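Asks: These are the residues of each chain, in order.
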Amino acid sequence: MNLTKYIESYNEAVFETDKPAALAVVNQALHDGYSPEEIVFKLVIPAVESMMERIEKDPDSNLAQHFMTAQIAADVTEKMLEKFSTPPQIIGKVVIGAAAGDLHSLGKRIVIGCLKSLMVDVVDLGINVSAERFVDAAVANNAQVIAVSAMMVHTATGEHGSLEIRALLKQRGLEDKIKIAVGGAPYRFDPKLYQKVGADAWAADGVTAAKVIVQLINEVKA
Amino acid sequence: MTPLQILDAAINGTPAPRIPIFCNLLDQGARELGIASKEYFNNGTKVAEAQLRMLNRYGHDNVWSLHYVGKEAELLGCQSVLFADDGPPNVADFVIKTWDDIAKFEIPADITQHPAWETVADCLTLLRREVGNTHPICAYVTASTTLPAILMGMDKWMELLLMGPADLRDALLRKCNQFVKQNITALSAAGANVLIYSSPFGSTYFVNKKILQSLIMPWMQQDLQPGGVHDVVYYCGMAPFNDVIDDVFEQLQIKCHYISPLADLAVAKRIIHRRGLTCGVIDDIKMINWSADETRAEVKRIIDIGKTEGHFLFGTGVMPMAIPETNIKAMLDAAFEYGALA
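Protein chains in written order, with this note's numbering: chain X, 1 to 222; chain U, 1 to 342.
Calculated directly from the structure, the hints in this document are not laboratory data.
Given the structure is predicted, the values throughout are model-derived calculations rather than measurements.
Hints are not guaranteed to be accurate.
Derived DEER-like restraints, expressed as beta-carbon distance ranges [what the hints assert, rightly or not]:
1. X:E8 with U:K300: 43 to 49 Å
2. X:K177 with U:T125: 55 to 61 Å
3. X:D18 with U:T125: 26 to 32 Å
4. X:L23 with U:T326: 53 to 59 Å
5. X:E219 with U:D93: 46 to 52 Å
6. X:K196 with U:T326: 15 to 21 Å
7. U:L33 with X:E219: 46 to 52 Å
8. U:G164 with X:E159: 37 to 43 Å
9. X:Q195 with U:R53: 22 to 28 Å
10. X:F41 with U:D247: 52 to 58 Å
Which chain X residues face chain U? A few, computed with CB under 10 Å, are given here [unchecked claim]:
11. N27
12. L63
13. H104
14. S105
For every residue, glycine included, the Cβ atom is placed at its ideal position computed from N, Cα and C.
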């Protein structure tokens with residue numbers, strides 16, 4: 001079987017939220033002689049990217065598919081990384097967390113899973129994270145992006161969330177070095193909301209959020 | 001006609017002077033009384049008083065039993081809720097922290113004897129006394145397949161639901177189902193006459209149709225079987241569910257559908273037609289930044305789609321506290337104006 005077929009079979013399994021079937025595809029590829037590096041760079045990453053496109057174009061894709069895309073990709077990548085002959089090149093660094101007052105972790109977990117499989121280093125700050133902690137962690141870790149998840153309207157729009165992160169970046173002269181990405185249910189209901197909270201970008205779901213974050217990393221590094 | 005009669009007329013398609021107009025001002029009550037959110041939600045009488053004041057001022061049709069995400073978790077052992085003065089309370093302590101906790105997790109024999117029920121009962125007692133004969137009193141019931149999300153966190157629940165052992169998943173769902181049945185019975189007995197059955201996993205926004213049909217639907221049937229469904233409104237937590245409306249009619253017999261602002265309302269109305277009630281819901285998150293004119297225009301758009309041939313209700317979603325009062329007034333004034341029936 002060629003890699004395109006593996007990618008198709010893998011993504012069909014993910015789309016059907018069938019983890020054993022997806023892992024079977026990976027194991028078959030390993031069995032057929034593909035290296036762990038090839039599995040990650042030629043199967044998992046293209047599969048995640050193709051899934052991002054599919055999810056972006058398909059408004060009917062569901063949360064379970066997003067969750068499985070991230071979980072399976074992260075699991076496979078983690079297992080393959082252990083077998084790499086040399087450490088992979090990391091494309092950038094992100095600090096991520098749920099906004100102050102927000103205790104939801106699902107969206108963040110989906111984004112983290114996808115980012116890890118795309119070779120982005122992720123620092124997970126957890127839930128209920130203050131603006132100051134976001135900025136301090138981004139500086140301490142040389143992160144290009146702060147990703148803020150907010151599932152409630154008041155945590156998305158409130159003064160202690162993205163708005164305060166923007167203010168702190170401005171105050172410390174970091175706006176060119178660190179970008180802000182936001183996501184969560186309120187942004188789906190008002191696609192212009194991200195601008196009102198001072199973010200640079202937003203995404204409608206966790207999988208496409210990873211794509212948006214990679215774009216921001218590239219902008220900062222350009 | 002009373003608001004209750006207007007609601008019945010809309011469901012049954014009989015003549016009425018206007019469509020029903022539902023508005024959720026539960027979170028706004030603390031500001032109405034000038035008290036902190038924690039003090040407000042810890043006092044059922046105050047929750048009722050604030051809503052009755054706003055009902056008098058705005059004239060919409062319904063009130064709400066005391067509810068916040070986490071109230072059901074408190075009845076099931078949650079010890080910590082995070083209150084905020086600019087938004088709704090949220091669960092800060094998960095009852096189920098690991099899969100091992102599922103075996104130890106117990107449903108109270110009678111939730112009405114639980115201390116956390118007291119505020120709900122106080123709220124419903126006052127609402128029932130003041131408007132029980134005239135107005136719809138809404139109560140929020142989380143479906144058994146969604147309840148685990150507030151008991152263990154959404155990500156942990158997704159993990160168990162999609163990748164975990166089926167026997168453990170079903171053990172948890174059985175317990176949640178016991179609770180849901182008790183909750184419905186208790187809320188109805190205390191005076192709630194409209195049950196908003198919140199089932200986000202009953203939408204293909206959350207899971208695919210295969211999982212919905214094989215796993216979610218049977219549990220929803222078990223949730224709703226005991227008391228029937230005549231007071232029940234199908235709601236997927238603001239997620240769109242147009243593609244399951246027919247299934248909900250056929251397999252759950254629920255006639256009232258609370259349509260997400262993200263769904264195509266015209267399509268929903270065509271599917272439901274005269275079989276039941278289409279609830280057209282405004283995207284009230286946008287109301288935070290809309291002008292009063294923009295708010296009015298959106299109300300008109302929604303009602304223009306839904307009002308033809310009746311069987312229609314205008315409603316709100318989460319009604320964030322940041323919505324300016326002028327927009328709340330503009331929305332309700334427009335709903336009364338455009339919702340008038342010949």
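Asks: Evaluate each hint against the coordinates.
Replies: Hint check:
Between E8 of chain X and K300 of chain U, the C-beta spacing of about 47 Å keeps the proposed range 43 to 49 Å intact. Separation of K177 of chain X from T125 of chain U is about 58 Å and conforms to the stated range, judged on CB atoms against 55 to 61 Å. D18 of chain X and T125 of chain U have their C-beta atoms about 50 Å apart, which leaves the hinted 26 to 32 Å range violated. In this structure the supplied range 53 to 59 Å holds for L23 of chain X paired with T326 of chain U, their Cβ-Cβ distance being about 55 Å.
With their beta carbons about 39 Å apart, E219 of chain X and D93 of chain U fall outside the hinted range of 46 to 52 Å. Here the CB-CB span from K196 of chain X to T326 of chain U is close to 18 Å, well matched to the stated 15 to 21 Å. Taking the beta carbon of each, L33 of chain U and E219 of chain X are about 48 Å apart, inside 46 to 52 Å as hinted. At about 39 Å, the CB distance of G164 of chain U to E159 of chain X agrees with the hint of 37 to 43 Å.
The beta-carbon spacing between Q195 of chain X and R53 of chain U, approximately 36 Å, falls outside the hinted interval of 22 to 28 Å. Evaluation of the 52 to 58 Å hint for F41 of chain X and D247 of chain U yields a failure: the beta carbon distance comes to about 42 Å. Interface hint at N27 of chain X: violated, since its Cβ lies 17 Å from the closest Cβ of chain U, which is beyond the 10 Å cut-off. A cut of 10 Å between beta carbons decides the hint on L63 of chain X: the least distance to chain U is about 5 Å, and the hint holds.
The interface hint given for H104 of chain X is met, as the beta carbon of that residue sits about 7 Å from the closest beta carbon of chain U, less than 10 Å. Annotation: interface hint on S105 of chain X holds; nearest CB of chain U at approximately 5 Å, less than 10 Å.
Going down the numbered hints, you'll see the structure goes against 3, 5, 9, 10, 11, while the others check out.
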